[in-house]
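Chains as they are written, first to last, in this note's numbering: chain C, 178 to 522; chain W, 178 to 522; chain X, 178 to 522; chain H, 178 to 522.
If you are wondering where the hints come from, they were derived from the structure by calculation, not from laboratory data. Some hints could be false.
Note that identical chains are pooled: a pair holds if it fits in a single copy or bridges any two copies.
[Unchecked claim] With a straight-line Cα cutoff of 27 Å, these simulated BS3-like cross-link-like pairs (lysine-lysine) come out:
1. 187 with 313
2. 187 with 487
3. 435 with 338
4. 181 with 313
5. 181 with 338
6. 290 with 435
7. 313 with 290
8. 435 with 505
9. 487 with 179
10. 187 with 435
11. 179 with 313
12. 505 with 187
13. 487 with 338
14. 338 with 187
15. 290 with 179
16. 290 with 487
17. 179 with 338
18. 487 with 505
19. 487 with 181
20. 505 with 338
21. 435 with 181
22. 435 with 179
Protein chains: 4
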Amino acid sequence: MKMKALMKTKPERGAELVETDVPEIGPNDLLVRVRAAAICGTDNHIYDWTPWAQARLELPMIFGHEYAGEVVEIGSAVSGWQVGDLVAAETHIPCLQCYQCRTGRQHTCENMKIIGVHVDGAFSEYARLPVACAWKLAPGTPFELGAILEPVGVAANGLFKDRIDGASVAVIGCGPIGIFAQQLAEAAGARKVYATDVNPYRVNMARRVVPDAQVMNAASEDVEAIIAEETAGRGVDVVIELSGSGPGTAQAFSILAKGGRVSLVGLPSAPITLEMTSAIIYREAIVYGSTGRLMWDTWYRVANLLQAAKFDPTQVITHRFALDECDKALQLTLSGQAGKVILAP
Amino acid sequence: MKMKALMKTKPERGAELVETDVPEIGPNDLLVRVRAAAICGTDNHIYDWTPWAQARLELPMIFGHEYAGEVVEIGSAVSGWQVGDLVAAETHIPCLQCYQCRTGRQHTCENMKIIGVHVDGAFSEYARLPVACAWKLAPGTPFELGAILEPVGVAANGLFKDRIDGASVAVIGCGPIGIFAQQLAEAAGARKVYATDVNPYRVNMARRVVPDAQVMNAASEDVEAIIAEETAGRGVDVVIELSGSGPGTAQAFSILAKGGRVSLVGLPSAPITLEMTSAIIYREAIVYGSTGRLMWDTWYRVANLLQAAKFDPTQVITHRFALDECDKALQLTLSGQAGKVILAP
Amino acid sequence: MKMKALMKTKPERGAELVETDVPEIGPNDLLVRVRAAAICGTDNHIYDWTPWAQARLELPMIFGHEYAGEVVEIGSAVSGWQVGDLVAAETHIPCLQCYQCRTGRQHTCENMKIIGVHVDGAFSEYARLPVACAWKLAPGTPFELGAILEPVGVAANGLFKDRIDGASVAVIGCGPIGIFAQQLAEAAGARKVYATDVNPYRVNMARRVVPDAQVMNAASEDVEAIIAEETAGRGVDVVIELSGSGPGTAQAFSILAKGGRVSLVGLPSAPITLEMTSAIIYREAIVYGSTGRLMWDTWYRVANLLQAAKFDPTQVITHRFALDECDKALQLTLSGQAGKVILAP
Amino acid sequence: MKMKALMKTKPERGAELVETDVPEIGPNDLLVRVRAAAICGTDNHIYDWTPWAQARLELPMIFGHEYAGEVVEIGSAVSGWQVGDLVAAETHIPCLQCYQCRTGRQHTCENMKIIGVHVDGAFSEYARLPVACAWKLAPGTPFELGAILEPVGVAANGLFKDRIDGASVAVIGCGPIGIFAQQLAEAAGARKVYATDVNPYRVNMARRVVPDAQVMNAASEDVEAIIAEETAGRGVDVVIELSGSGPGTAQAFSILAKGGRVSLVGLPSAPITLEMTSAIIYREAIVYGSTGRLMWDTWYRVANLLQAAKFDPTQVITHRFALDECDKALQLTLSGQAGKVILAP
């Protein structure tokens, strides 16, 4: 059987819409009819063929990994799933046998593979999904919501390293994950949420989607002074760093209260230089590296907040395209003038 | 100088409104002009002269310990306070020298004295307050709010043993502390709050003050069945036990999820019998004894949520009396047909 | 193929040594040649046909669940295992699909089955072991050590609810699990270990195996007074309750420091009555129900301490029997005049 | 009354032994007859008059802050102390009124002053000690032990951010604090302790004092390769960074297991550059800034381990001098050819 798929075929910018075989599944896999797939920064790297992508991908490769769909076939050794179930995908494929996997940390598996990077992904009509990466959606869940649970989980994993209730929280970066982090912090009882970005489109998007947060344009506002004023000079309790930039990372600490915590989530493309003594040591800061999502603690936590109608992450979706408009879609996301962009294969 | 005070003078039911000397203060004390004092269950024990009270009080004693007022005199060794500051009282007087006090747990001091039980309290125009028990209120704070921060803190200490964000929470008991617990759980990002009582007055009060909570009358509703239904049979993540009763305590566990936690706050007047194997062991429950308030972590946590306008505990105040109406006030609180009752000396 | 097995065939005291078929394995199972199996209290219940056993077992059933052996056959869907691998068994069979299993708590699975209770166990030459319950032993590991890792893990799960380093620890009960708990506490940096039992055989065994612990006979020594004296009246930081008895449970709290923690591990056969106010609430005690072992955090923790040669649990093994001496072996364990007893099928 | 004191009088290298007044104490102070004072790196900065010292000290100033002695006079408002009590000094003077001080974190007080930096210290016959900084020593405690409890506490605060039992621990830096950290890790049940330095004197000192640790000379041994080999490629669970150097800090992460933790204790004199993505984020490392000692949790923790005779920090003391040999003493410590050096005023 054939399907349409967005495939990276050549080591250069771009991608190709091809007709290819529907994937065959193994005994521990599901076959999913993809209904919505979201574009992630990783996909931009792949489309753009940056050094990051060149170092990781073996071509040809179908990319795309944030997706939801319908189960159409079930591997012979799988139990607990039925044809017709709705499913969202966890991107990280764990080996289930290493120390990390056997102590509740499959998301940092020692032998991890990533969907859409190491194995074929989901910008296609059908996708093979290891059952170890399958999150069952309640009947009736909108596919677009299912498709963005993975990046919502990135925000949740960073935010929920420890308690949020009553805390003041600053989010550095107002892309989709930054907005999810703000929504989650509000939903989880934060006392006050602050957010910054230097891109006016994103600042405006945050102001629209999270009206109770205090969103600042770091290019024109004195973030440190404002937060010092707001917190009687003490700084915020929690910072989520999503920019991956040197200034963003330095600011994460300069606005942090003594004894506060910073979650580093955004991936810097270059080394970062920090005054450790003042930033971390004298401040007794706690710094958490954060990647992926706890399987499945993070997913349950997000589902619980969604079930209680505490927030709506689909407000971050700004554009939708068909699969054959992929060039337009990817160029839009690269421009920074979009929230979350959905492809509907 | 003389003042009016409600004094327990005789070892029998009742109390006497007397004229007595304004207290003299020591170098580490404040003298407070009491503006609002709330009636606590402890005060009922004292008024009623129950065995609990008989075992603890040496008469005569001015009782009452939940209060707020204005600082009118400052001890010679005190710094950081000024005449005219508003103040609320922490009831537990720590020695500041024992292991508990020196490791952040003054509220379980090994040599603790309690205001209104071991030393004169605050049902009076003036009260001596050790500075180690003084919580500064922001200018303009209503005195009635200040007077009930202490019992709000009882709820907060029980609730915040660990994180609340995203959790399902059940509160057993809908007296003032139970309602505070429900309000705090909502403010702190609980997914859903359940509450029970057997007193219709209190059930109604909870429904009025915490409309988003699901309040059940345990005398007429099948609490276990309802919670099982609500939680897909898993039970709730967090229970706050305030009834101090055998059935309440048993129910705290029967509605608890595996791995969930129970905070025991209500003081049983008799031993409690439990099936430990099913209630606690196979369930891997975590049980927290909870008393008083962390000094001052609990107070800051409550102040932060108040500052963010996340909840209003004064909605629990139902009656106000002058000091000379104390008999009426205490009989009302003993009847169970009141929320929080305030005396204004 | 046939094998010898100790089978419970009739609803009465005793067990029968039978010849029966070697079990067939499914795609996710291992077939194990059992080399050493330890007798657990559960096995005594089954042999004795107590109400506990009557309520749980469907006969006929091969019992026994603490065991180690050699892998002789591997299910078709299993990866990561080879014929000849040494293996120890985790007793709890998780469903891997429920909330508990998907959040790192397979040991309290909502659909748990237990080896030797709900499915055939290991007092037999061969046993079927779900790979989800298989713990790989390093080549050369003594089978007797492998066979007792499961009860060592019971002690470890109870003890390691939180940190032990620098803590004073009391262990109530000096059966094998009690001695393991004492050894683990010493290995994990406890400041001082106390232990009690009322059975002189067990008191002596503890004194022999854990010479640095202070072992008391609770029938003849005033445990509370001794611990008060030893701890300047503060009590111990950590108690592990293994007796499952009313007096043992009450004592767990009466010797506990303010803010200390108690792990309830021993299974009471009847309800327990406690003065909650003094035992738990005013003391701000933390009580942990503890059952089974974290999969696989507890197993790694024990393996790490073993690898560092911090302790030797095989010192608790006092007797060894062949499978056809099972009556003698089970009567010995029922008598309380033995440490751990090994059957070698 | 007059006393001898080592005073920094001029803004240049060196210090002066002067005769000056015995300090007068306030109502909340103790007067201490100093019996042993240890030389800290801070004292080297002051003696050497580095930019660090120039930025902080107002001259003249008596320096030295790690000390123990005998109480000879007691302030009027102090309770719980008697003339003749032995005392060790905590260096950080807390205000006791700020948010940090009121939530158990006096060691990161918002208004902190430091003994021997902001107020006169203890290289003198007598010293004024705020009672808020006084740690009572058991009668008979050697003064030299008392004098080094402060730096032992620096190691303990860094090490005990979370549990150590069963963990593999690497200590980067084998000066006195590094050796204390190794001793404490062994005492607290670490599975295995690794340590590195590039100074052969310190490597040898560590090998002598902590024979069970694996001490490596990072200048000649391939630390990463050795630790990878030792830990099956996983890395160590806990790293304590004491070098404050760029290479030491980078190595702290390159030898760290996924999900492991690093305590940053050594104070870098220049910014540090790190590849955050690989060092922290993908590794989900936890980084703790660590300064000073928890008051008084850290002190109790150390006292408990000392009382249990788990380690002997005085083995790190290599030299003793009289106060008038201070130049020799300070030059020795600056040379790096000494362990802890004691002055006996």
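Consistency of the hints with the structure:
1. Taking the shortest Cα distances, residue 187 and residue 313 never come within 27 Å of each other, neither inside one copy (35 Å) nor across copies (44 Å).
2. Taking the shortest alpha-carbon separations for residue 187 and residue 487, neither the intra-copy value of 44 Å nor the inter-copy value of 55 Å comes in at or below 27 Å.
3. Taking the shortest Cα distances, residue 435 and residue 338 sit within 27 Å of each other both inside one copy (17 Å) and across copies (15 Å).
4. Taking identical chains as interchangeable, the C-alpha atoms of residue 181 and residue 313 lie at most 27 Å apart only when both belong to the same chain, with a minimum of 25 Å there against 44 Å between chains.
5. Taking identical chains as interchangeable, the C-alpha atoms of residue 181 and residue 338 are never at most 27 Å apart, the minima being 40 Å within one chain and 52 Å between chains.
6. Only between protomers do residue 290 and residue 435 lie at most 27 Å apart by alpha-carbon distance; the minimum there is 16 Å, versus 38 Å within a single protomer.
7. Taking the shortest alpha-carbon separations for residue 313 and residue 290, both the intra-copy value of 21 Å and the inter-copy value of 24 Å come in at or below 27 Å.
8. For a Cα distance limit of 27 Å, the shortest separation of residue 435 from residue 505 qualifies neither inside one copy, at 46 Å, nor across copies, at 39 Å.
9. Taking identical chains as interchangeable, the C-alpha atoms of residue 487 and residue 179 are never at most 27 Å apart, the minima being 41 Å within one chain and 55 Å between chains.
10. Within a single copy, residue 187 and residue 435 get their C-alpha atoms no closer than 50 Å, and across copies no closer than 34 Å, so neither meets the 27 Å cut-off.
11. With identical chains, the CA atoms of residue 179 and residue 313 are at most 27 Å apart within one copy only, with a shortest distance of 26 Å there and 43 Å across copies.
12. Taking identical chains as interchangeable, the C-alpha atoms of residue 505 and residue 187 lie at most 27 Å apart only when both belong to the same chain, with a minimum of 19 Å there against 71 Å between chains.
13. In the homo-oligomer, the alpha carbons of residue 487 and residue 338 lie at most 27 Å apart both inside one protomer (19 Å) and across protomers (23 Å), since each shortest distance falls under that limit.
14. In this homomeric assembly, residue 338 and residue 187 never come within 27 Å of each other (Cα to Cα): the closest approach is 40 Å inside a single copy and 50 Å across copies.
15. For the homomeric pair residue 290 and residue 179, the shortest alpha-carbon distance inside one copy (25 Å) is at most 27 Å, but the shortest distance between copies (44 Å) is not.
16. Taking the shortest Cα distances, residue 290 and residue 487 never come within 27 Å of each other, neither inside one copy (33 Å) nor across copies (37 Å).
17. In the homo-oligomer, the alpha carbons of residue 179 and residue 338 never lie at most 27 Å apart, since the shortest distance is 44 Å inside one protomer and 54 Å across protomers.
18. Taking the shortest alpha-carbon separations for residue 487 and residue 505, neither the intra-copy value of 33 Å nor the inter-copy value of 44 Å comes in at or below 27 Å.
19. Taking CA atoms no more than 27 Å apart as the test, residue 487 paired with residue 181 passes in neither setting, with 37 Å inside one copy and 51 Å between copies.
20. Taking the shortest Cα distances, residue 505 and residue 338 never come within 27 Å of each other, neither inside one copy (37 Å) nor across copies (50 Å).
21. Taking the closest pair of Cα atoms, residue 435 and residue 181 never come within 27 Å of each other, the shortest separation being 54 Å inside a single copy and 39 Å across copies.
22. In the homo-oligomer, the alpha carbons of residue 435 and residue 179 never lie at most 27 Å apart, since the shortest distance is 58 Å inside one protomer and 41 Å across protomers.
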